[in-house]
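J.: Chain by chain, the residues:
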Amino acid sequence: MSRKRRQFFLELLRIVLVILIALILGFVITALVSEEPVEAYQELLTGPIPKISVGEDGLQMRGINRFGNWLEDSITLTLVGLAVAFVFKANQFSLGAEGQIYLGAMAAGIISLFVQAPLAVNISLALIAAAVVGFLWGLVPGILKAYVGADEIVSTLMLNVIAIQIYNLLLIHWLRDPTAGFIGTEFFSETAVLPVVIPGTRVTIALFLAVAAVIATWFVMARTPLGYEIRVIGANLKFAEYGGINTKRAIALSFAVSGLLAGLAGAQLATGLVKQLTLGISVGVGFEGIVVALLARNNPLAVPLAALFYGYLRTGAQIMERSSDVTREVVLIIQAIIILMVTAERLLPLIQAWWRKRRPVEEIISSAESREAADVL
Amino acid sequence: MPPIVEMKDIIKVYPNGVVANKHVDFSVEKGEIHALVGENGAGKSTLMKILYGLEQPTGGRILLNGQAIDIQNPQQAIDLGIGMVHQNFMLVPSFTIAQNIVLGREPRRGQFIDSVAAVRLTEELSREYGLVVDPAARVEATPVGMRQRVEILKTLYRGANLLILDEPTAVLTPQETRDLFQAVHRLVSQGKTVIFITHKLVEVKQISNRVTVMRHGEVTGDVETADVTEEEIAQMMVGRKVFLKIDKPTQPRGQAVAEIRNLSYISETGQPRLRDLSFNVYAGEILGIAGVEGNGQTSLGEVLSGLKPATTGKVMIRGESILGRGPRGVRQAGVAHIPEDRLTNGVALAATIAENLVVDRYYQPPFTRSGVMFPTQMRRQAERLMQEFDIRAAGYEAPIGSLSGGNMQKVVVAREFSSEPALLIAAQPTRGIDIGASEFVRRQLVEKRNEGKAVLLISADLAEIMSLADRIAVMYRGQITAIIENSAGLTEEELGLYMMGVKKQPAEELEQMA
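Keeping their order, the protein sequence lines are chains X and C.
All residue numbers for the first sequence refer to my numbering, where the first residue is 1 and numbers rise by one.
All residue numbers for the second sequence refer to my numbering, where the first residue is 1001 and numbers rise by one.
Heads up, none of these hints are tricks.
Straight line, CA to CA, 30 Å or less: simulated DSBU-like cross-link-like pairs of lysine-lysine:
1) 1314(C) <-> 248(X)
2) 1248(C) <-> 1205(C)
3) 1200(C) <-> 1503(C)
4) 1308(C) <-> 248(X)
5) 238(X) <-> 248(X)
6) 1030(C) <-> 1049(C)
7) 238(X) <-> 1308(C)
8) 1248(C) <-> 1504(C)
9) 1314(C) <-> 238(X)
Hints were generated in silico from the structure; no laboratory data involved.
Let's have the full structure, built from the sequences with the hints guiding it.
T.: In structure tokens, the structure reads:
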């Protein structure tokens, strides 16, 4: 156990160290393009935190909407991150979350537009519809991969195109509100949107949905036969076959469950944040989910932390863009550098190897021997 | 006269921190056949790679005929007269033998390669050292034994005085091994020196004058071969006493557990791998499948365990047909399988010991009840099996990849044996693992046989087959050429004739012995 704990702390230390290096690099770039780099960078780093001040009218909180933006974004990212982590765990590189988000949003949106029922029934139906559609849309590349051998990267990217165009087709030719000045549906009625839990923000009960999804995903992965099958397939497909696991079924299901979670993320976008269906409702959130999953090392319990980190960065970047002279392009570059640094798995091992090289040979031999001795114990 | 080669205080630390050689001293006299033995990971390959310029030592010096030298790459080693014959041959299959031998140093006539001279040079070399090859034959059309002779001739053509042979007998039949040994003696009589890497102790005694034993990156013995017994060498390799002989009580065999009839298998690429095999495996016996590697043994294991579909034929386990059932169906019929390729099939390196131990039973109670898995049960089983099978590891949470080859194999053995099979298929169960673990695995196999299980032992190690099996079936080109009782009078040479396809049992006799 102590070995495991040591590993965990090393990993944590690694991440903190790399984030620090990345932030320093980001500041260097900011300093190159900004007149007031310190102020601009401060917006990035502290923007999403609400400012509490004691004034004449007592306690005051400013920037609650910024804080809300952070949480809203993190909720969506958590759901998508779980979706990607689930299928990646089976060593299947599905890039289909984006399309599944669109169809999930569409399914939830249609329920919200056309079903007249009490709030609880209405939103339950919307969430279930999004989950089912996501599951089925995910099953398609899963079956293609498992039974026909279609490369999942190609098939999921193509299915994304199809899903987004189906969404556009339905929206433009059937669902749009002809009186609106842009392409979009009417706003959903009060009984068809997720209730807000933090006033002044768009943080809805999707927060609890995300927490439940984290726990459920962890449970499936760690405590069910399907989760075991997926982990073993991800570790060594040949071994899974040899052991008698029905690998085709498990691979197809890994795609489908991933689609289910992405579908829910689509429902959160439609019925929680936008409250209507619009063109381009998800601007690449499906791909941001890949970043979250990579940051979390595909561990469901780490996904919300990764989502909060990445959501913070995204929100901070937006605030920096709005309230400083740093342009959007530069903000995106800084964001990308930070992610690159964090996901560069070999970065720290390389530093360690370099460090080791500087130590004299005798020391290495003796430390290796003490390690061997420890292993025998 | 100084030794032909002297390696002093060699230290090698790989970039990942593994210490392969710790202060190794190694010297070889001119005209010697010097065996270098040690278990996998003992550091013998690293030491030879350093000598051949494939690796750079972290510390230490190398003297050649008393002169300090620095070997940066294999080309320099060759120029200094050091040649190495690798375990995996490095020949161009579509070239002729003569072309392969002169490759890179072709005799020329003007701007063109003089192929007549190449053939002549090959014939001269072949005659001089008694290594018979056919210069005009394409390498792909020649048997393994000849390819090896080509490799040796190649190094001689490049002027090698010191030859390093890396486990040269691993792929040879007994007859080919005997021929090789004769050739090695002839090389020495012509003034060459040979370093012979092996882990077969019988061969050490047969061929070498001196032997250096390595363990954990250190030299644990450097002795005249005549002064030590096989057991003593084994002890130096393992660090404790080892029993090489395994007692096997005679017992009557029971019912046929597995009945295989007219089994054929054609691979996905259209190669016939198994041709019309018929045999039984009986309760309480070990049936050994002998043969030179690549004669269908791998396919036999894969088809019987359900990993590959049979093309035609029947396989019955306790009267139940298992063909077309897939690995899980075969396992449920009572078959366990120690796979030939441990790293590919036998384990998932990134998964923990506990996870690796349940791959065939995770869906059953007590591991899963009402669709929920209980990791505590996995842990409990892992702790029990680790103790029972003496698996040395940091704990059940340790990833398999962190274990030694021997301990990894013990995990496989623990899983397969604990499933209480009726038929146990063990494919190359001791390949690449240390002597201690090999001894353990062999003992376990005999124990299962004594308990009345049927054991099918597929092994390229003839000595292993002869010491364990009750009956021996020999495979040659996908066919069974003989099924023989393993009696005291049976010799390796006789089996060798069947292994090479020179002899074949008549059909009636085969049927009778099935």
